[in-house]
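S.K.: The chain contents come next:
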Amino acid sequence: QSALTQPRSVSGSPGQSVTISCTGTSADVGAYKYVSWYQHHAGTAPKLIIYDVTKRPSGVPDRFSGSKSGNTASLAISGLQADDEGDYYCLSYGGSWLFGGGTKLTVL
Amino acid sequence: EVQVVESGGGLVQPGGSLRLSCTASGFTFSNFWMQWVRQAPGEGLVWVSRINGDGSSTNYADFVKGRFTFSRDNAKNTVYLQMNSLRGEDTAVYYCARETSGSYFLDYWGQGALVTVSS
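Residue numbers (the working numbering), protein chains in the order written: chain A, 2 to 109; chain B, 186 to 304.
It is worth saying that the hints were derived from the structure and are not from the lab. Computed from a predicted structure; not experimentally measured. All C-beta atoms, glycine included, are put in the ideal place defined by N, C-alpha and C. Keep in mind that the hints are not guaranteed to be accurate.
[Stated by the list, open to error] Partner residues aside, some chain B positions facing chain A, computed with beta carbon under 8 Å: (1) GLY229; (2) VAL231; (3) TYR289; (4) LEU291.
Okay, chain A solo, but in the shape it has when bound (with noise of 0.2 Å):
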């Protein structure tokens, strides 16, 4: 399986908002509510933002949100901060584990 596509990277100013797609397929992203979000910085345990599609564990500030339509699933955060920069990967199961490509985020 192929891995699932992301944009490579996005950018925003501090306050701004960006939205992050993951697009996957009908057996995977479209079929379950199974995606979750991280935010990985180098050299750091990756981080679990989203999970369930929508649902923000204890302690992400709810300036992160998930959404899905179809086959595309998408992060948004608002409000940008400069912490926030990083890399951010979506992860599907759909009977296998699929991350996406990653996405650099820029806060200029």
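Position chain B against the provided structure of chain A, taking the given hints into account.
M.R.: Below, chain B alone, put in the same frame as chain A:
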């Protein structure tokens, strides 16, 4: 507090073997599936393998099937990834992660162990 710590990374020649360990704490270890995910230099995260709570069931990505073996010792709160017949393309940071119970996502991760396959 949940903690996940990998160890055992290093430099190995092509065709060689290496065993990674991952020790967890802060939860009832035997109740959870555990996973390995890797990231090659300049690349994204890629799922590698998972193991159930008692070690009786494992799944592998096609590119490691037959070469890697995932096992666990619940008495030591530790999982192991035995990697044989290593190739250059196995060079990566290997992350150990806890798979949540009741859904399908990874809620706690370690900081990773670097494996370099090179002559």
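S.K.: Next step is simple, just say for each hint if it's right about the structure.
M.R.: Verification of the hints:
A least Cβ separation of about 4 Å between B/GLY229 and chain A falls short of the 8 Å threshold, and the interface hint therefore holds. Nearest Cβ of chain A to the Cβ of B/VAL231: about 6 Å, under the 8 Å cut. The hint holds. For B/TYR289, the suggested interface contact is upheld, since its CB lies about 3 Å from the closest CB of chain A, less than 8 Å. With a cut of 8 Å, the hint placing B/LEU291 at the interface with chain A holds, because the nearest CB-to-CB distance is about 7 Å.
In summary, this structure violates none of the numbered hints.
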